[in-house]
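**Q** Protein sequences, first through last, are from chains A, B, C and D. Just so you know, the first sequence maps onto residues 44 to 190 in the numbering used here. Just so you know, the second sequence maps onto residues 44 to 190 in the numbering used here. Just so you know, the third sequence maps onto residues 367 to 443 in the numbering used here. Just so you know, the fourth sequence maps onto residues 367 to 443 in the numbering used here.
Since the hints were derived computationally from the structure, they do not count as laboratory data. Where hints are given, some of them may not hold.
[What the hints assert, rightly or not] In silico lysine to any residue, SDA-like type, Cα no more than 20 Å apart, as pairs: (1) B:K158 with B:K170; (2) B:K73 with A:K50; (3) A:K50 with A:F62; (4) A:K121 with A:F62; (5) A:K47 with A:C127; (6) B:K154 with A:N189; (7) B:K105 with D:A431; (8) A:K73 with B:R87.
Treat the numbers as computed from the prediction; the structure is a model and nothing was measured.
Letter by letter, the chains look like this.
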Amino acid sequence: MNDKKIKNVFIEGAISSEFIGRSIAKHQTKTSIGAHNIFLGQVRADEVDEKTIYAIEYTAYKDMANAKFHDIREATFKKFDLTCMHIYHSLGTVKVGEICLFVFVSSPRRKQVFKALEYVVEEIKAKVPVYGKEIFEDASHQWKVNS
Amino acid sequence: MNDKKIKNVFIEGAISSEFIGRSIAKHQTKTSIGAHNIFLGQVRADEVDEKTIYAIEYTAYKDMANAKFHDIREATFKKFDLTCMHIYHSLGTVKVGEICLFVFVSSPRRKQVFKALEYVVEEIKAKVPVYGKEIFEDASHQWKVNS
Amino acid sequence: MNLNIKYFGLLTEVTLCSEETVPFSKATVSELLDLLFEKHPDLKNKDFQVALNNEIVSKDTLITANELALLPPFSGG
Amino acid sequence: MNLNIKYFGLLTEVTLCSEETVPFSKATVSELLDLLFEKHPDLKNKDFQVALNNEIVSKDTLITANELALLPPFSGG
């Protein structure tokens with residue numbers, strides 16, 4: 044266990060484009076940064092058996108999830124030359140077209156951010172106990188499966 | 044030569060965080076998208092011989108640059124399964140901490156966006172006639188060299 | 367002693383709860399699961415991992431914490 | 367006939383202009399460059415490519431357009 048403070052990565056509901064814009068603006072004082080790379084997960088209106096997904100309801104094993112997000116952050120800083128990194132994940136209801144995952148990495152140079160961002164996103168999908176319940180327009184549901 | 048209309052990729056001065064936020068917001072009606080990936084180039088306050096860069100002044104061979112941006116866009120859509128792609132590059136003065144390049148790719152699935160975004164950024168660096176004049180705080184300058 | 371069991375995702379529809387407390391004497395994960403399978407027979411057919419102290423553990427791990435979680439495949443992002 | 371030559375980046379500091387017109391009869395890029403090197407001897411030591419009709423061309427290309435650009439290494443982004 045690492046003794047640095049474990050942050051809360053979760054945001055209630057969708058992540059707004061204004062929040063993302065403000066997050067970008069905050070980095071303009073960090074003048075050693077030359078490259079940012081941002082991943083956004085957006086809820087898709089997938090069709091299953093003629094029914095269309097309307098929203099995803101996210102739940103998580105919060106304590107373990109935040110600990111895992113923390114471990115991923117520490118491992119990523121060790122592997123790549125990054126200036127900073129931010130991760131936000133939604134809990135609760137996120138409608139189609141809205142954003143549920145926001146990963147933001149910054150580095151002096153571009154080659155590092157591409158590798159780091161993909162690493163972080165794949166680690167999140169593989170190691171963080173978050174669950175998506177896909178709600179259809181008729182209020183029926185199915186449990187999301189990551190591919 | 045492709046007969047689709049060639050867009051103007053250039054923006055006068057820095058690309059604002061609000062512009063990026065609004066660009067993200069516009070994609071929330073495209074509900075087939077599951078993943079966005081955004082690259083931002085930011086002007087670094089590099090130090091050279093004890094002088095610090097204060098701004099970059101960008102110029103371009105505009106007609107050829109827009110034609111090359113167009114070719115890169117067409118090639119990227121052929122190579123990857125993308126829903127949309129946007130490229131913006133600054134012309135004129137961009138100060139340290141400000142954003143000079145904004146590349147935005149979106150796809151139903153995440154694997155495609157990582158590959159596509161890196162491809163687009165590397166192609167821009169290699170093929171588009173844009174020039175950065177790095178201005179130091181004492182008003183002297185040097186010409187930017189990409190690595 | 368009591369052990370607090372947490373269920374997530376699809377599993378909550380099998381157990382019909384997201385949390386329950388079972389009376390518990392020192393045992394392995396595997397022994398605990400036998401107990402839970404008796405209570406919720408359909409759990410047997412589900413794909414899940416067990417987490418203790420925020421880490422995935424194997425079935426022969428001795429349970430030392432007072433909270434344990436049953437985690438189906440993750441679907442974050 | 368006249369040919370319009372465009373210079374970019376560092377090259378503008380060698381030629382002291384971003385654009386100039388030279389009298390021109392049908393010739394290859396290489397023949398044109400000899401003419402430009404006479405006018406701006408320091409160009410010879412600079413690294414650049416030549417673009418015609420928005421495409422990089424080789425030195426033995428016959429110049430058919432009325433605009434041509436000398437492009438030092440790109441530094442966009």
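**Q** Enumerate the violated hints, using their earlier numbering and listing them in ascending order.
**A** Those not satisfied are hints 2, 4.
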